[in-house]
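Protein chains: 2
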Amino acid sequence: MSVSDILDGKLTEKEVEMKGWLVTKRSGGGVQFLMVRDGTGTIQATVHKDEVSKKVFSDADKLTQESSIKIKGLVKEDKRAPGGYEIRIKDLQIIHLAEPEYPLGKKEHGIDFLLGFRQLWVRSPRQVAILKVRAEIVKACRDFLDERGFTLTDSPILTPAAVEGVATLFEVPYFGDKAFLTQSGQLYVEATIAAFGKVYCFGPTFRAEKSKTPRHLTEFWMLEPEMAFYTFEDNLKLQEELVTYIVKTVLEKRKRELETLKRDLKPLEKVEPPFERISYTEAIEMLQKAKYPIQWGEDLGAPHERFISLKFEKPVFVHRYPAKVKAFYMQPDPKNPEVALCADLMAPEGYGEIIGGSERIHDLKLLEQRIEEFGLPKKAYEWYLDLRRYGSVPHSGFGLGLERTVMWICKLKHIRETIPFPRTITRIYP
Amino acid sequence: MSVSDILDGKLTEKEVEMKGWLVTKRSGGGVQFLMVRDGTGTIQATVHKDEVSKKVFSDADKLTQESSIKIKGLVKEDKRAPGGYEIRIKDLQIIHLAEPEYPLGKKEHGIDFLLGFRQLWVRSPRQVAILKVRAEIVKACRDFLDERGFTLTDSPILTPAAVEGVATLFEVPYFGDKAFLTQSGQLYVEATIAAFGKVYCFGPTFRAEKSKTPRHLTEFWMLEPEMAFYTFEDNLKLQEELVTYIVKTVLEKRKRELETLKRDLKPLEKVEPPFERISYTEAIEMLQKAKYPIQWGEDLGAPHERFISLKFEKPVFVHRYPAKVKAFYMQPDPKNPEVALCADLMAPEGYGEIIGGSERIHDLKLLEQRIEEFGLPKKAYEWYLDLRRYGSVPHSGFGLGLERTVMWICKLKHIRETIPFPRTITRIYP
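Chains A and B supply the protein sequences, listed in that same order. By this note's numbering, the letter at position 247 of the first sequence is numbered 247, and the numbering carries on one by one without gaps. By this note's numbering, the letter at position 349 of the second sequence is numbered 349, and the numbering carries on one by one without gaps.
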């Protein structure tokens with residue numbers, strides 16, 4: 001029997017037995033009010049002095065925050081109780097009496113303190129809500145792609161070379177040799193499209209980013225679909241559909257969690273294809289008009305993305321960046337080879353990039369030239385060049401940052417709450 | 001339009017257009033027989049000299065193995081064609097003419113050669129079938145748990161300490177500090193049960209195993225469910241149900257792939273609860289009777305697991321190992337504290353361990369004692385000890401090795417084919 005069943009009204013006037021943790025306790029007039037969490041939800045349970053044994057009443061009185069208990073009682077509808085239901089306790093057993101000073105007790109704590117106690121902080125209603133939304137987004141991503149004939153092909157984590165640039169690589173000693181933690185699974189899903197047509201990987205990726213910002217983790221999860229024969233345009237359409245599906249799924253299935261987070265639903269309800277589209281060149285013009293000191297040819301930074309994102313009510317694609325500021329594998333625009341057939345998707349409400357995607361170079365000569373221009377070690381990419389030697393096809397793909405998507409949908413100020421155990425430049429514990 | 005639709009008989013006598021790769025080609029009597037793969041399946045396409053233009057016929061003649069092409073034609077039922085259908089080509093365009101010497105051409109290759117060309121080897125029918133089964137198993141695991149109220153909480157990859165023993169840790173320099181690649185996400189899902197009740201993680205894990213065996217990878221994926229309030233017995237029941245669900249799903253949805261692999265289905269069809277159960281002590285007796293030189297107190301090795309696995313038609317739990325050969329966190333059996341409340345699940349047909357699970361220690365003092373006995377750095381486990389300080393509850397969980405499960409279900413001789421890009425002691429390329 002679970003709290004969620006009680007809150008759904010399925011057990012009213014029934015006797016239930018449940019196990020859980022004490023969230024808070026108050027008492028008055030011979031009644032103790034316990035808020036009890038069981039992992040599916042939180043419910044009020046009341047202990048009335050004249051309805052239980054002395055032992056039960058005194059045990060309830062002893063309970064410290066986060067103690068684990070087993071309770072038995074009758075479910076009552078009660079409008080005064082949070083959630084509208086309560087359990088009227090008949091019996092209570094202490095499973096474990098928590099140590100008296102719960103580190104995350106009532107007073108406010110700084111973020112470093114909370115992160116240091118992440119193993120307990122995850123129990124708080126806000127963190128539970130965020131991580132429930134995260135799990136729902138993961139499921140939505142996988143369901144969306146599985147239903148559309150994509151095959152999951154996991155990319156490796158230990159790799160011989162950089163995907164996104166050598167500056168942010170974690171190096172791992174590997175039996176006398178060295179390996180690098182993957183920055184992106186993309187190159188590997190480009191290999192498996194020739195076997196499966198449409199594929200994806202969804203796993204942890206790593207960037208040794210030296211910057212400490214509210215949008216960067218050193219370890220984060222990325223969904224990376226890759227599609228044979230998809231044009232740049234096909235790619236954008238798929239992204240629109242995926243992001244819309246994710247948002248609609250969360251709105252439908254995680255309404256209670258969005259309420260806990262006090263998330264304004266209106267901006268999310270507007271997410272529907274087609275998304276807005278502007279070129280990088282238009283974005284630069286907008287920024288210059290607003291007196292941002294940026295020149296054509298420079299990459300967009302967080303403040304620029306934020307500015308653009310706030311100009312639109314829906315997610316907006318910024319497309320055709322200068323090839324030089326983007327990764328080596330992006331297909332040049334045939335109409336203007338200075339720009340790449342790429343687009344970043346900016347989430348609205350100031351959030352900025354959640355997806356980066358592009359058509360990929362399929363011509364062997366051009367790809368070899370790019371690897372040279374970018375100063376990458378050709379030998380490490382020979383296997384990748386093989387994909388252009390044997391049945392190369394036009395293809396496209398993208399990477400959706402899971403944590404940035406969670407951050408936007410939950411409307412959080414900082415990315416560190418979007419993952420169970422965040423890793424940043426200053427933190428690998430717990 | 002996809003090959004799988006054609007093979008399902010949905011497009012018979014219809015004109016189709018498709019893109020794909022040339023698998024093989026032969027000709028005779030003015031007809032060229034092309035086997036074409038599009039990622040959903042492989043189909044025969046015929047080019048009749050008297051039905052197409054000269055250009056189309058000569059283009060078809062030029063095609064090298066793995067060239068990418070676009071074809072148009074009429075779908076015909078034809079019992080002589082593999083799969084029972086063929087496309088009678090009206091038009092053909094070459095997208096990319098593959099270089100003439102395909103590295104994985106007709107002759108047999110050694111395993112090292114194939115692994116060095118994994119980027120192309122994944123295209124072969126056998127590898128496609130294995131990886132399709134793998135993807136189906138991943139989906140089955142997630143669906144099974146999601147439907148039963150589990151919450152996905154991803155465990156971190158970069159960690160401050162060992163889970164399974166310090167001998168097999170990969171160390172990563174981390175901004176002047178050091179981190180380790182996770183060996184198991186278990187300790188972290190033990191933290192999230194207090195927030196969600198039933199949880200799981202499913203991600204890559206790492207062991208710097210120095211042994212080169214057909215059952216070891218340095219990077220492999222593990223499904224790790226963890227359940228608050230589950231007893232040892234509840235844990236075994238869940239494992240039986242999960243493994244049965246996985247096998248039934250693959251039998252139902254991947255019959256074609258199991259045929260490609262020539263997998264005998266009978267042993268799989270027998271997989272149903274309850275599984276067999278023997279104690280470690282009984283296992284030792286069986287082994288000694290069969291003249292294996294093993295003493296009570298030693299861990300079981302691959303040959304022992306193989307022997308036991310072959311004695312049973314269904315998966316078999318070997319339970320209650322000596323606490324000393326197992327991990328520090330396992331709950332002792334109250335009836336005999338020398339053994340742990342743990343069980344390894346051995347797949348049948350000689351495959352051995354695919355799951356390791358146990359009830360966990362929930363008593364703070366005992367856990368502290370174990371950390372000391374195992375010589376682990378207590379400071380790195382303070383956060384984990386907190387779980388026993390604040391609302392500790394009896395709980396259990398297990399880890400299912402994805403690749404070993406794929407190996408068994410596909411009946412493979414070696415684990416290296418079960419993952420898109422295998423990593424072993426001697427291989428991190430491609």
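Careful, some of the hints might be misleading.
Identical copies carry no separate label here, and so any pair may be met within one copy or between two of them.
[Said to hold, decoys possible] Subject to a maximum C-alpha distance of 20 Å in a straight line, what follows is the list of computed EDC-like cross-link-like pairs (lysine to aspartate or glutamate):
hint: 1; residue 1: K253; residue 2: D143
hint: 2; residue 1: K270; residue 2: E259
hint: 3; residue 1: K326; residue 2: D299
hint: 4; residue 1: K90; residue 2: D363
hint: 5; residue 1: K54; residue 2: E338
hint: 6; residue 1: K139; residue 2: D8
hint: 7; residue 1: K253; residue 2: E147
hint: 8; residue 1: K248; residue 2: D146
hint: 9; residue 1: K324; residue 2: E240
hint: 10; residue 1: K255; residue 2: E233
hint: 11; residue 1: K106; residue 2: E171
Hint data in this document are derived by calculation from the structure and do not stem from the laboratory. Since the model is a prediction, treat every value here as computed from it, not as a measurement.
Name the hints, by number, that the structure is in violation of.
4, 5, 6, 9, 10 and 11
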